[in-house]
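J.: For reference, the chains in residue letters:
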Amino acid sequence: MKTKYLIIGNSVAGVYCIEAIREVDKRGKITVVSDENIINYSRPLISYYLGGRVTKEEMAFRDEEFYRENEVQLILNRKAVRILVEENRIELSGGEEIEFEKLLISSGGEPILPPIEGIEKVKEGVFTFTRLEEVDRLIDYIQANKIEEVTVLGAGLIGLKCTEGLLERGLRVNIIELADRILANTFDQEASRILENALGRKNCRVRKEDTIVRVEEKKGKIDKVILRSGETIPTRLLVIAVGVRPNLGVVKGTSIKCNRGVLVNDFMQTNIKNIYAAGDMTEAKDFLLQRKSVLAIWPTAARQGKIAGYNMAGKKKKYNGLFIMNSVELVGVPTISFGITNPPDPENFEILARKNEGENYYRKIVLKDNRIVGAIFMGKIERAGIFSGLIRDRLDVSSFKDDLLSDDFGLLVLPAEYRKHMVRGEGFTE
Amino acid sequence: MGDKKINKPRRIIIREEYCMGCRLCEVWCIVAHSKSKDIIKAYKGQEPRPVSGIYFEERGAISFTLQCRHCEDAPCLEACLTGAMYRDKKTGMVLHNKDKCVGCWMCIMACPYGVIKPDFKEKKVASKCDLCIEREFPACVEHCPNEAIILVNKKGERIDKE
Amino acid sequence: MRKRLIPDIDYRVPSACGVTGIMNQKGELFSGEAIYASICNMLERGNGLGSGFVAYGIYPELKDYWCFHIMYENEKAKENTEDYLKRNFGIKHSEPIPTKKVKSLKFIPLLWRYFLGIEKNVESAEDYIIKVVMDINKEIEGAFVFSSGKNMGIFKGVGNPDEIGEFFRVPEYKGYIWVSHNRFPTNSVGWWGGAHPFGILDWSVVHNGEISSYGVNKRYLENFGYFCTLSTDTEVITYLFDLLVRRHKIAFETVGNILSAPFWSQIERIENKEERELLKTLRMVYGPALVNGPFSVIVANSSCMVGLNDRIKLRPLVAATKGDFLYISSEEAAIKIVSPQLDKVWMPRAGEPTIGKLM
Amino acid sequence: MAIPKKLREFDVVRDDEKCIRCEVCCRMCANDVHSYDAETDKVSADSAKCVGCHFCEDVCPTEALVIKRNKSQIKRNANWKNDALGNIIKQANTGGVVLIGMGNDRPIRDYFGHIVLNASQVTNPSIDPLREPMELKTFIGSKPDRIELVEKKSKIKNTTEIPPQLELETPVLFTAMSFGSISLNACKSLAKAACDFGTYWNTGEGGLHKDLYPYAHRCIVQVASGRFGVDREYLKKGAAIEIKIGQGAKPGIGGHLPGEKVSAEISSTRMIPEGTDALSPAPHHDIYSIEDLRQLIFALKEATDYKKPVGVKIAAVHNVAPIASGIVRAGADFVVIDGIRGGTGAAPQIIRDNVGIPIELAVAAVDQRLREEGIRHRASLIAAGGIKSSGDVVKAVALGADAVYIGTAALVALGCHLCQRCYTGKCNWGIATQDPYLTKRLNPEIGAKRAYNLLRGWSLEIKEMLGGMGINAIESLRGNKEQLRGVGLHEKELELLGIKHAGEAW
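Chains as they are written, first to last, in this note's numbering: chain V, 2 to 431; chain U, 236 to 397; chain H, 127 to 485; chain S, 1284 to 1789.
Each hint can be trusted.
Keeping only pairs whose Cα atoms sit at most 25 Å apart, straight-line, the calculated DMTMM-like set for lysine to aspartate or glutamate is: (1) Lys406(H) / Asp1588(S); (2) Lys448(H) / Glu478(H); (3) Lys352(U) / Asp394(V); (4) Lys335(U) / Glu383(V); (5) Lys317(V) / Glu72(V); (6) Lys279(U) / Asp354(U).
For the record, the hints were derived by calculation from the structure and aren't laboratory data.
Please build the complete structure, drawing on both the sequences and the hints.
T.: This is the structure:
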């Protein structure tokens, strides 16, 4: 079959790509290929699903109507196995081929599986945590086996999100994290400690600078994990969540250039001019680090998908790069973080911080040459977004540095001229 | 009122030099989003009092209020995990559907104006300016005694209440 | 006793009126029958409480002498006045004004005319005459000068025009300009001096209207030494003409732009800058001379006859020509009855003077 | 002893049923009358602090507030009233002069209120301003008593030079109110309204702030005894110059703007050091007699190349007519007479309430005197002080004024409720204050619109009244006392006003 626009992957990048294309090109045929068997769901919501806060239906961030309205042909449950770059075709699992004019690769990420002795012998009770069907199986398993305590390997975003869900289901959780802190790539020691204590009060124990070296099974089911520290934790359910890596299966062996992820220019274009990439497997401009990076977060995927869509449909639009930002709420402690929160070379940065253990309150601002490059808001996150703007606009904060940590921090402390464009202006445009 | 529903893109502009700091905009925002639309009932009756979609800031002689800018490339829209935050096709406004909201706070993180109010108990976005889509004219604009809050169309021309 | 007899010397009496005028622009004399017929065709416009005539060119043999028409209430007034006149003039000739008995007329005063020469040397004869007339009318109890020009005369009294015309034997005079007036005052007046035409020097004015700007015009004239003793609009208009035409040397055309000035909106529409500026200046400087309220007026002196309307033409005025004759009147009928065949008939526009000049 | 603080003038009445605790009143009152107590969840008021500006009443969203007069009253006494007692208490506390703002509030006879107008019936038609043109255009400046016309090839030319004039679309101007006595926003409001409508505003003795330059072409710049803000630039920028000798609210008294009000803006505009008291001496120290005035008038005309009218403003006092005549003879192009009801930002109450004469009598006297001397045309006459309505305007003009100045009326249009506390600098309406927290409350866009509306409304009414009299141009009303009648005035008053009593015909 033939299509004008072909999109591999039906998550956020794909959806925003569709919206952008349709803004410019009302008619051109759009085809989406997804190896999942669901019309649409929001991947990050799987922890809420696990925690029982949303039903499967509620997980859709775009409904069926959306695909109908935009005249999108959805091909579900089929995997794109290979891209035939020269022929502008892709090959689907099951041999069928689709010819395209423009292609977007948004195949997302895949969980990293660290080498663990004995893991291959374990037939049941070991899960990863990135896709809905996994979560379904996880829930069935918990119920079938009356699981009360779980071991989670990895205290990154996925690990903690999973933990959040498990705790909400009333399970006890043991977290094992290799690094010296949880949420290593956004948290610092301080933030980590506050959150660990909060977790501790909610039957969740965190073991840091440790990892699972060996697992043992009983009748194929997992039975205990042995840590590098020598400790043994009897466990009937293990979730491996040490992170994701770009899912590059489909570009393997093609002329499409990759580094950690698929490399793209400012128009989300790969080295092949009619092939674009967006989302967790894309290595694009990073706003803060002066190089390309893989930013496996939702807002990035959305923006990249959108930009790709515009350009695929012929409307030139530039991607200005984003920076890492996260919002997690664990055991009732909301946390928002932006950019470089924990510079490897602190001496080259200025760091402002304020905390209040009792209230799980912590606020940290990282400055370079009087410009904000990172921030952590823990406990009190209201209006945190303002900082994303300050980072994006590279605003010199020297005139109101003392206010950055104050509780009544708002637009009012900003320079009047800068403020004017905010209160009078049209709002944010790329 | 329904038939008077606005269907053109419009924008609220704040002129801080004229903001008296009376905060009547908040009062009338609350009334406009209350069940009864009656100021006394909204404040003293049995019905739950809504949260205003307006942030008020004041320091010394400077004060102003701010509500959602309904951005063209709204970061909150792109950040929203559930589609609770959506763009109204007719008016181009950024609206919020409480039922779909799960309180992931991604919008709070993404909004550079910091004008989305969280409700931590409900685990939902508490309120966000909807430009009074139910009324013919935004309550805060209508009731600002000093015309510090005004309404403009896409071209930036002022729209006055008939 | 004055008060009882002549209330309208102390009060302004609003009146509606009929006015009519005939001029031979070649200066050829014609009899008063025409004007008599003309005014008598507008009896409806009066109520028997005042009418009069003015004629120019009626005293050719004494044309160099100032002719005063004076009315007296009694002999005493006559004596005082004549003493005064002897002191200030050489009296060339004096006689009672010839009249015919008309039963219906009441309160008839003594009516005399004097032909006077100025023997003192005075700076301006005109100003001297004005002063004298004002003196007599102000100071001498029971005496009133109602005509004071050369080779012209005013004949007026309380009665219908047909009665007054017959009484003064108007048809027997011959003149080149004739103007007449028929009055409809809103309250009863008994004093003959209150009738129109009003005159000073060789000015004569008949007027139909009520001037709302009276207070302004009156006080403005006082700046220039005119004191309105009669409290009549006609008097004010007469003095305004004397001030503007005789003393300020302004042409009748321009006077029209002062007395019934064009509206600012009209002025702003004028292309020519100089013209615009002139009209603006006229209104700026002569604002107090603007005559407001409804009027149609016929003004005459020895050399011309002019008809003028208020700025929004609230009172009627028709003009017509036939050969050398110019007719101005409240009603076309009053013209047609004199000259059924006319060369041209028109309605002068508001504020636009209709001017007849001796050729 | 127990010391009496002050007599409470107002009572703040709050309907608790209606009060929603929004605390707008608490936030808005510059006198800290209202306060909210979280414990009891009640908003309460300290009525003793209330000055009666009614701002809170106005902004309260539920109309829960009413400000009532005379809460505490002394025993009934025909001679001793609250205000007398109140002032004595104040002075016993401070030992100072009792200051006050705005115009005289004593029941000095309001002659305008005792004068009625005429209208046409039957004998001449009234004119409908909606269908016929109705002209209010007014020129302020000296006029020649006549003009010389020459006819050049059937074109008539005027050869008389006409002195500079101000051209007004309505016989109403905004009177002198300085930036300092009122806020810059208040100045902007009036300045813009004057420009939009086609009349003039007046800098007062405050200089001309650069933000007001766009409105300078319709601005009368004042030269007063302090000479604040006066330089060549200033004189050249204005449309006309007004030498201020006196003011109706405080004849014979100078001005005093306390140092704390002299902000950076004001100091630069007035050209005096920041924070120093701005003192206007009682007299001009270069004018101790009429010939000195003549010198100043011509100095100013020289400085502006005889291109701008130069006028003189005096307070209406006993000898006003001869003084005015002297001023005209000294070469003034217009004379401003400010009556005893004229307003002020600050004056000793004893002066405001007791010195000067009513404008109606002053205007009639001056107009009559100038006419008697045959010099009325040589200067325009502007009446000020206590013009409250278009009716007053018409009466003032009929009594002989060319135009009127309004001050208080204009401020009321901007929100003023005549609490008379201008001198405190705590004007809740943002008018008589320099406190940025308060001045921003007066949005000049709204202010200009409202002041414009006032001019428009009055002008329409004036046209209606003129039409009724059968007059379609304001110049036919000027000095037209025939259109006026007195009611309940005795002979002498009628004689001075130069009008007949109602009931008398023409």
